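> Spelled out from the first residue to the last, the chains are:
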Amino acid sequence: MTAIDPSVRYRRREQGLMFLLASPAVIVIVALVVIPVGWLMTQSFYDNGFTFEHYRRIFTEDVYWRSFTLTFRIALIVTVMTLILGYPVAYAAAHVKRPWDVLILSFVILPFWTSVLVRAYAWLVLLQRTGVTNQMLEGLGLITEPLALVHNELGTIIATVHILLPFMVLPLYSTMQKIPRELMLAGASLGGGPLHSFLRIFLPLSLPGVVAGLTLVFVLTLGFYITPELLGGGRTIMISMVVSRNVELYNEWGAASAVGVVLLVAVLAIFMAVGRIIPLDKMLGQK
Amino acid sequence: MTKRSLTFATACATAGLSLALLSPLTAHAAEQIMFVSQGGAYQKAQTIAILDPAAKKLGITINQDSVPDAWPIMRSQVATGKPTWDVVDVATNFCLRGGEQGILEKLDFSKIPNAAAMPAEYRSDYSIAYEFYSSVLGYSLKKFPDAATAPKTWADFWDVKKFPGRRALRNNPLATLEAALMADGVPADKLYPLDVDRAFKKLEEIKPHITVWWTSGAQSAQLLNDGEVDMVMAWNGRISALTKEGAKVAYTYNQGILQSTSLCVLKGAPNLSTAIKFLNEAVDPIHQANLPLHIDYGPANPKAYDTGVIPAARVGELPSAPNNAKVQALMSYAWWTSAAGEAAEKRWLSFSQK
Numbered sequence: 000m001t002a003i004d005p006s007v008r009y010r011r012r013e014q015g016l017m018f019l020l021a022s023p024a025v026i027v028i029v030a031l032v033v034i035p036v037g038w039l040m041t042q043s044f045y046d047n048g049f050t051f052e053h054y055r056r057i058f059t060e061d062v063y064w065r066s067f068t069l070t071f072r073i074a075l076i077v078t079v080m081t082l083i084l085g086y087p088v089a090y091a092a093a094h095v096k097r098p099w100d101v102l103i104l105s106f107v108i109l110p111f112w113t114s115v116l117v118r119a120y121a122w123l124v125l126l127q128r129t130g131v132t133n134q135m136l137e138g139l140g141l142i143t144e145p146l147a148l149v150h151n152e153l154g155t156i157i158a159t160v161h162i163l164l165p166f167m168v169l170p171l172y173s174t175m176q177k178i179p180r181e182l183m184l185a186g187a188s189l190g191g192g193p194l195h196s197f198l199r200i201f202l203p204l205s206l207p208g209v210v211a212g213l214t215l216v217f218v219l220t221l222g223f224y225i226t227p228e229l230l231g232g233g234r235t236i237m238i239s240m241v242v243s244r245n246v247e248l249y250n251e252w253g254a255a256s257a258v259g260v261v262l263l264v265a266v267l268a269i270f271m272a273v274g275r276i277i278p279l280d281k282m283l284g285q286k
Numbered sequence: 000m001t002k003r004s005l006t007f008a009t010a011c012a013t014a015g016l017s018l019a020l021l022s023p024l025t026a027h028a029a030e031q032i033m034f035v036s037q038g039g040a041y042q043k044a045q046t047i048a049i050l051d052p053a054a055k056k057l058g059i060t061i062n063q064d065s066v067p068d069a070w071p072i073m074r075s076q077v078a079t080g081k082p083t084w085d086v087v088d089v090a091t092n093f094c095l096r097g098g099e100q101g102i103l104e105k106l107d108f109s110k111i112p113n114a115a116a117m118p119a120e121y122r123s124d125y126s127i128a129y130e131f132y133s134s135v136l137g138y139s140l141k142k143f144p145d146a147a148t149a150p151k152t153w154a155d156f157w158d159v160k161k162f163p164g165r166r167a168l169r170n171n172p173l174a175t176l177e178a179a180l181m182a183d184g185v186p187a188d189k190l191y192p193l194d195v196d197r198a199f200k201k202l203e204e205i206k207p208h209i210t211v212w213w214t215s216g217a218q219s220a221q222l223l224n225d226g227e228v229d230m231v232m233a234w235n236g237r238i239s240a241l242t243k244e245g246a247k248v249a250y251t252y253n254q255g256i257l258q259s260t261s262l263c264v265l266k267g268a269p270n271l272s273t274a275i276k277f278l279n280e281a282v283d284p285i286h287q288a289n290l291p292l293h294i295d296y297g298p299a300n301p302k303a304y305d306t307g308v309i310p311a312a313r314v315g316e317l318p319s320a321p322n323n324a325k326v327q328a329l330m331s332y333a334w335w336t337s338a339a340g341e342a343a344e345k346r347w348l349s350f351s352q353k
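Chains as they are written, first to last, in numbering that gives the first Met the number 0: chain A, 0 to 286; chain B, 0 to 353.
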C-alpha cells in the first residue's frame, strides 16, 4: 500500500467539498434546463415515430424564414441602439461623483423593476396616434398628420430598446468602474488629447463590458414575445410567436420545439462565429 | 328485551346515527371536481351565476382553476395518463378537436337531460355549448354619430370610400374569414364550407387599410376607446363594457358571427361521474339564465330565455337572444376543425406577415 501525500488528499477533499457546494445548482440546472432542453430536442424529431417533418416544414415554408429574419433584424437593431444609448449613460455614471452616479443608475434600474407588460402599455400611451408624442408634435406644428409610431416594427423596437437598456448599461458600468482613472491621466501626461486617450485607452478597456452587454441584449431580444405581440400591430411576428402558434396549430410539440431548436442552433452558430474574432472569456465579461 | 339485544339495538342505532351524520360529510369530501375556465370577470360571473348554485344543488365542491389558453395543457394532462382537471370551459373548436384526438370523454346525453334538450348544433359527442358571444362590427360614435350613416355590414366595413376611417380586425382567421365572405356578398346562412381563397382575396383588399390586427380582447376595446381606430371587429362584451363606462362607441349584431365556448371532460378525469352531474347543472336553464345578469354573454341553453329570469330589456342586448341570433351567422366549429379549417388557420400567418 502506497502512502498518499497528505497535501494531495487535502486537495481532493477540498475538491469534493467544492463539488458538494455546487451540487444544488448543478441539480437544478440538470433538472430544469438540461433535461427539458433534451426532451424538447427529441420531441422535435417525433410525430408518431421518428420524423424530419417539423424541420422540413421550417426549411420549406417561407413563414418561418420571414419570422427568423425579422427576429434577427430586430435583435441587431435593438442591440446597436442600446449600445449607442447605453454607452454614454454608463460612462457618465462611472465618472460622476456621488450621489449623481446613484441617481443615474436608479433611473436605469427603476424601470427594470416594472413589469414588461406595464411598460408595453405605457409605450402605447406614449406612441399611439392620439398619444402624448403625436399630440406634442402636432401642438408644436411639426407634423400635420400623426406619425405611425406604434402597431408596427418601429414601436416594437422602441419599447424593446427601453426594456433591455439596463442589460447594456449595467455590464458597461461595472467594467468602466474598474478602469483605473490614472491610466487616462497617464495618457494625458504623455500628450494624448482627451479623444485620443479615450479611443486608445478607455474604449479598448471597456470592450469586455460592451461584448457582455451586446450578448445579453441580443440573446434576450430573440426571445421577446409580449412586446411585439402588444406593440407590433399583428404584423411584427417574431419567432417566439411562431413557436406559440405552432403549439396551438399542430398536434405535436415537435412542431414548436423544432423552431426552438433551430433558433438555439442559429444563436450558437453566431456566437461561435463571433468567438473566432473575440475570445470567449472576453464575451463572458472577464479581462 | 334482553340486555344483550338492547345493546345490539343501541349499537345499531348509534351506527345508523353516526352513518347518517357522516354521510353528508363523506359525500362532501368525496364528490368534487376541478373546473377550469379562462379567469377574469368571466370566471367570476360564472362562479356567482352557475358554479356556486350548481355546487350547492348537487352537494359537491367545485374547485376552480383558470388559464387563458387551456388547449396545450389539456393535451399534456391527458398524455400523462393522470389528468387533474375534470371539466374545461374552452372555445368550442378545441372541444371538437379534443374529441377527434381522443383526449376527451364521450358524453352520455341520457345522463345529461338538460343538454339533450338543447338544439343538436349546440352540442357534439364530446361537448356542450356553455355560453355565446359574438364577433361584431363596432364603431366610434365620434366618427359616425348618426345611426343612419354608420357602418352596419361587413360590406360597409370594407368600403373605404363611403366609410373613411381607421380599422382593426382580429389577428386570427376565425370569424375574420366569415366577415370577409359576407363583405363579398355571401349570405350569413350559406357561409360553410368557407371559400377560403375567396375570403383571403377579399382580405387582401382591406389589408392596407387595417391599422392593427389585434390579439387580445382588451386591446380591441382600447383601440376603439382611445380613437386609434374608428371601426373594429370585436367581441360584443368588450364593446358593451365600454358603453357602460360612457365611451362614445356602438356596435351592431347585424352580420355578427355567433361563437361559443363549450364544456368538455378530459379523458380519464379523476371525478368523471361527478363531472357529468355537474355538466347537467351547468346548462340548467335557470343557472344559464343567471349568467347574463353578471356579464354580457348569452346563455347557450335557449330555454334560459323562457325562464323569465332575464329582464326583457336585457334579452335584447344578448348575442344568443332569438332576435339577435337571427341576424347573425352561427360559426361552424365543425368546419374549423376539419382539414380545410386547419389549413386556413395555417395560411393565416403567411397572410399576416406580408
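The hints are simulated quantities; they were obtained by calculation from the structure and are not laboratory data.
Treat the hints with care, as some may be off.
[Said to hold, decoys possible] Just a few of them, taken from the derived set where beta-carbon distance is under 7 Å, the chain A residues facing chain B:
id, residue
1, R10
2, R12
3, G15
4, M17
5, V62
6, T129
7, N133
8, Q134
9, G232
10, I236
11, L248
12, E251
Please read these numbers as outputs of a predicted model, since none were measured by experiment.
Ideal Cβ positions, reconstructed from N, Cα and C, are used throughout, including at glycine.
> Could you run down the list of hints and mark each one as holding or not?
Against the structure, the hints:
no. : hint : verdict
1   : R10  : violated (46 Å)
2   : R12  : violated (43 Å)
3   : G15  : violated (38 Å)
4   : M17  : violated (38 Å)
5   : V62  : holds (5 Å)
6   : T129 : holds (5 Å)
7   : N133 : violated (11 Å)
8   : Q134 : violated (11 Å)
9   : G232 : holds (5 Å)
10  : I236 : holds (6 Å)
11  : L248 : holds (6 Å)
12  : E251 : violated (10 Å)
Checked against the numbered hints above, the structure breaks hints 1, 2, 3, 4, 7, 8, 12 and satisfies the rest.
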